[in-house]
Amino acid sequence: MSKKLALSDEILLTVDKPARYIGNELNMVKKDPESVEIRFCMCFPDVYEIGMSHLGMQILYDMFNKRDDVYCERVFSPWPDLHEIMKEKNIPLFALESQEPIKNFDFLGITIQYEMCYTNILQILDLAQIPFFAKDRNWDVPLVIGGGPCTYNPEPLADFFDLFYIGEGETQYDNLFALYKDCRKKGISRADFLHEASKIPGIYVPSLYEVTYKEDGTIKEMKPVYEDVPAKVEKQVVTNLTDATYPEKPIVPFIKATQDRVVLEIQRGCIRGCRFCQAGMIYRPNREKDIDVLKKHAYEMLKNTGHEEISLSSLSSSDYSHLEELVSFLIDNFKDKGVNISLPSLRIDAFSLDVMSKVQDIRKSSLTFAPEAGSQRLRNVINKGLTEDVILEGAGMAFEGGWQKVKLYFMLGLPTETAEDMRAIAELANKIAVRYYEIPKDQRNGKCQITISTSFFVPKPFTPFQWARMYDRDSYLGRAKVVNDAVKEQLNKKSIKYNWHEADVTVLEGIFARGDRKVGQALLKAYENGCIFDAWTEFFDNEKWIKTFQEIGMDTDFYTMRERPLTEIFPWDFINAGVTKDFLIRQWNTAQEEKVTPNCRMQCSGCGAMNYKGGVCFEDKN
Amino acid sequence: MKIRIKFAKSGVMKFIGHLDMMRYFQKAMRRADIDIKYSEGFSPHQIMSFAAPLGVGITSDGEYLDIEVNSTKTTEASIKNLNLAMVDGVEVLEYRQLPTDAKNAMSIVAAADYKIYIKEGYDNPYSIPEWQEKLNHFFYDRSEVLVTKKTKKSEKVMDLKQLVYDFQILEEANRPVFYLKVCTGSTDNLKPELVLLAFYEFLSLSYEEFAFQIHRVDVYAKKEGEGFVPLGDLGNDILTEIPAHQDK
Ligand code: SF4
Numbered sequence: 002m003s004k005k006l007a008l009s010d011e012i013l014l015t016v017d018k019p020a021r022y023i024g025n026e027l028n029m030v031k032k033d034p035e036s037v038e039i040r041f042c043m044c045f046p047d048v049y050e051i052g053m054s055h056l057g058m059q060i061l062y063d064m065f066n067k068r069d070d071v072y073c074e075r076v077f078s079p080w081p082d083l084h085e086i087m088k089e090k091n092i093p094l095f096a097l098e099s100q101e102p103i104k105n106f107d108f109l110g111i112t113i114q115y116e117m118c119y120t121n122i123l124q125i126l127d128l129a130q131i132p133f134f135a136k137d138r139n140w141d142v143p144l145v146i147g148g149g150p151c152t153y154n155p156e157p158l159a160d161f162f163d164l165f166y167i168g169e170g171e172t173q174y175d176n177l178f179a180l181y182k183d184c185r186k187k188g189i190s191r192a193d194f195l196h197e198a199s200k201i202p203g204i205y206v207p208s209l210y211e212v213t214y215k216e217d218g219t220i221k222e223m224k225p226v227y228e229d230v231p232a233k234v235e236k237q238v239v240t241n242l243t244d245a246t247y248p249e250k251p252i253v254p255f256i257k258a259t260q261d262r263v264v265l266e267i268q269r270g271c272i273r274g275c276r277f278c279q280a281g282m283i284y285r286p287n288r289e290k291d292i293d294v295l296k297k298h299a300y301e302m303l304k305n306t307g308h309e310e311i312s313l314s315s316l317s318s319s320d321y322s323h324l325e326e327l328v329s330f331l332i333d334n335f336k337d338k339g340v341n342i343s344l345p346s347l348r349i350d351a352f353s354l355d356v357m358s359k360v361q362d363i364r365k366s367s368l369t370f371a372p373e374a375g376s377q378r379l380r381n382v383i384n385k386g387l388t389e390d391v392i393l394e395g396a397g398m399a400f401e402g403g404w405q406k407v408k409l410y411f412m413l414g415l416p417t418e419t420a421e422d423m424r425a426i427a428e429l430a431n432k433i434a435v436r437y438y439e440i441p442k443d444q445r446n447g448k449c450q451i452t453i454s455t456s457f458f459v460p461k462p463f464t465p466f467q468w469a470r471m472y473d474r475d476s477y478l479g480r481a482k483v484v485n486d487a488v489k490e491q492l493n494k495k496s497i498k499y500n501w502h503e504a505d506v507t508v509l510e511g512i513f514a515r516g517d518r519k520v521g522q523a524l525l526k527a528y529e530n531g532c533i534f535d536a537w538t539e540f541f542d543n544e545k546w547i548k549t550f551q552e553i554g555m556d557t558d559f560y561t562m563r564e565r566p567l568t569e570i571f572p573w574d575f576i577n578a579g580v581t582k583d584f585l586i587r588q589w590n591t592a593q594e595e596k597v598t599p600n601c602r603m604q605c606s607g608c609g610a611m612n613y614k615g616g617v618c619f620e621d622k623n
Numbered sequence: 124m125k126i127r128i129k130f131a132k133s134g135v136m137k138f139i140g141h142l143d144m145m146r147y148f149q150k151a152m153r154r155a156d157i158d159i160k161y162s163e164g165f166s167p168h169q170i171m172s173f174a175a176p177l178g179v180g181i182t183s184d185g186e187y188l189d190i191e192v193n194s195t196k197t198t199e200a201s202i203k204n205l206n207l208a209m210v211d212g213v214e215v216l217e218y219r220q221l222p223t224d225a226k227n228a229m230s231i232v233a234a235a236d237y238k239i240y241i242k243e244g245y246d247n248p249y250s251i252p253e254w255q256e257k258l259n260h261f262f263y264d265r266s267e268v269l270v271t272k273k274t275k276k277s278e279k280v281m282d283l284k285q286l287v288y289d290f291q292i293l294e295e296a297n298r299p300v301f302y303l304k305v306c307t308g309s310t311d312n313l314k315p316e317l318v319l320l321a322f323y324e325f326l327s328l329s330y331e332e333f334a335f336q337i338h339r340v341d342v343y344a345k346k347e348g349e350g351f352v353p354l355g356d357l358g359n360d361i362l363t364e365i366p367a368h369q370d371k
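From first to last, the protein sequence lines stand for chains A and B. Using the numbering used here, the letters of the first sequence map in sequence onto residues 2 to 623. Using the numbering used here, the letters of the second sequence map in sequence onto residues 124 to 371.
The set of hints was computed from the structure by calculation and includes no laboratory data. Be careful, since some hints might not be right.
[What the hints assert, rightly or not] Sample of chain A residues facing chain B (criterion: CB under 8 Å; computed from the structure):
(1) Leu6
(2) Asp10
(3) Leu13
(4) Glu26
(5) Arg185
(6) Gly188
(7) Lys233
(8) Ile256
(9) Ala258
(10) Glu309
(11) Ser343
[Unchecked claim] Simulated restraints on C-beta separations:
(12) B:Asp360 to A:Glu503: 53 to 63 Å
(13) A:Gln130 to B:Lys346: 36 to 46 Å
(14) A:Lys186 to B:Glu243: 52 to 62 Å
(15) B:Glu364 to A:Asp621: 46 to 56 Å
By construction, the Cβ of each residue, glycine as well, lies at the ideal position given by its N, Cα and C atoms.
If we strip away everything but chain A, and leave its shape as in the complex, we get (with noise of 0.2 Å):
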């Protein structure tokens, strides 16, 4: 009958969710395992729902099985539960496709979203049966390789990986995979192919490169071994969003998956330049597709997979060009067969709300504003442009259409803040609090439900906030405390209600982020006093972590604390992400003076990015 699965009856049986270890969903791809010269398997560490929810994950494993000569297929971190179980009973990890064990594929790719998930990683090669270091393993084992906006900093992980794959995977993989079967064909050995492969572009073979540091701990040096591999690895872009691969069969999971809708990728990038955002940056420039392609996709896409709902995707949608055909254009031809239509990141104004109207219910829904900092100078400063006006304008027209919970987004932690910027926060909402009660009381539907939200700021790579310093734990609830307190001195307190994010998994994050190849060890010993799924407050277990910076007598405040001089060699400048370190510099200057910048649209600030030779950067130009 069916094939036989990895795990037995009695394991599924037992393990919560088993449906996220049999593969077989709708429209997974069937290959023969034997017919193909590349076994890849895609890995998302983390739990199945939430990598099945990854956009970038479906477009290569589409792209990837699109070749006859490869067989993509997927594995997702095993639940605690059936880790277990595998451990106890020594079961290798298994790609969902085929139930085979991944030991035997030849690449293991790893898509690496957030810095939190990096225990996992180890985990993932641990059940695997793969050597942790990449130093110690040979032919028998895939290469494993990472892509991912953290690979924009792979050191901590350099130890652990054969390869990164920097920038869009659209462009490269071809070369890479014709290397591979050549080298395989003529019997080139592992350190040989690396050698080779560090010369694609985008393609950063950590082993090939030596780092040394200064008596502070600071890099003296990073350079190649080799002569002929490059200094500097280039990041990969897809100039033409509108021709790139697009998944017009993604999987759709039995278990309802975070993103359990059809995800439309509208454009890549932004053009808003906002200073501590690192994917507006490393994804320069912004491109978006052609009107007339998603139109086409959308259908496709609801039709090969019944889902019944569309979302768009982008970083802000509001800024895409075409936006209003499109969503008419979904709302004509879906709305009635049950779709719902879902727009994120919109910006709050008369058409989005006349939108909104149309596909959600009001009296149910919230609006959404991410000011990110309360006080206008702070919002200078991370060049957030949103205005207090803009905000109260929104919501008052949203007050007046029905609408009553507004949910707030700020950060703490910020360059240059201080105690007033957090009570501005309090103030802020209580300012929309009082443009609600404005409306006469037989006009408005009881009282507003406002919910302020603060997660605390993490300085990323190729952002110009990357010099920036960190705060300890104590620091940071302080500042929540303060932004909690001002909000029990407002008005309309009763209106508002504020959460804050933990601070322990912050500087963990920020460790992470900006940390150099000594933090592997860290990794890994953390891995072995038991931190998995850091990313789950369920499970993460800051004791463990602080007991082994501890053991191994590293000095986190080396990595979060400082406020990096402008001379210092990062871990990641042997990088070229397009924005050169020239323009992050002149916009750390501008962010000290308060000053905003133009958006791309506006007027070009010379980021560098023009170098890809597409996107907003020509806009008006052909």
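Position chain B with the ligand against the provided structure of chain A, taking the given hints into account.
Chain B with the ligand only, in chain A's frame:
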């Protein structure tokens, strides 16, 4: 108009629970272009209901769901379209129109029959004739077979003689197969594993939870004068396309 769909669930699909099967079918209806009716309101949902939830780990040849449609293609075309939209392990077997006054499947379920196999790797203690004899001792020779059904909230004593309509030992591939037809539905729902557990306890055999593969054969309604009839028999095949009513 009301449609009753019968499907089989096999292979790895036994690990997909009831709620996920409902979600699966909602998406499948769209893929197969079934002109299903939606409820009114801001978040419209399909008019769809399942007959009798199937537990995780159980396979089946007789699962039913009822839907309402505005228009429909023929039975043959609809089954074909649905099966093109299925994954391995789910197969649509019937697509029939119900009379307008038909009650929904869930409310009329009265019985279901099951085959229970001893899985490979687990002991079969007796030969077929021995099993038959034991079955007589346990079930047919007694006037009352009391078991206690424990739920989270309560304990309930039930008489299997009233709730088990058929119990036989069959033979497939030289191995015994337990065949059971039991009372099913919202009031007196009897799970087949409970009957088997009672049988094993009666024989002082140790009952291992994972030793059995349970397979549902069909689900029945009770029809005046005819006894139990499969739910699918209450509908009729659609031989010509039926367009949507103009006046809704
Ligand atoms: S080069 Fe200019 S237009 Fe292009 S992304 Fe950079 S700032 Fe924007």
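Hints, verified against the model:
{"no.": "1", "hint": "Leu6", "result": "holds, 6 Å"}
{"no.": "2", "hint": "Asp10", "result": "holds, 6 Å"}
{"no.": "3", "hint": "Leu13", "result": "holds, 6 Å"}
{"no.": "4", "hint": "Glu26", "result": "holds, 7 Å"}
{"no.": "5", "hint": "Arg185", "result": "violated, 32 Å"}
{"no.": "6", "hint": "Gly188", "result": "violated, 39 Å"}
{"no.": "7", "hint": "Lys233", "result": "violated, 46 Å"}
{"no.": "8", "hint": "Ile256", "result": "holds, 6 Å"}
{"no.": "9", "hint": "Ala258", "result": "violated, 11 Å"}
{"no.": "10", "hint": "Glu309", "result": "holds, 7 Å"}
{"no.": "11", "hint": "Ser343", "result": "violated, 12 Å"}
{"no.": "12", "hint": "B:Asp360 to A:Glu503: 53 to 63 Å", "result": "holds, 60 Å"}
{"no.": "13", "hint": "A:Gln130 to B:Lys346: 36 to 46 Å", "result": "violated, 59 Å"}
{"no.": "14", "hint": "A:Lys186 to B:Glu243: 52 to 62 Å", "result": "violated, 42 Å"}
{"no.": "15", "hint": "B:Glu364 to A:Asp621: 46 to 56 Å", "result": "holds, 54 Å"}
In terms of the numbered hints stated before, the structure departs from hints 5, 6, 7, 9, 11, 13 and 14, listed from lowest to highest.
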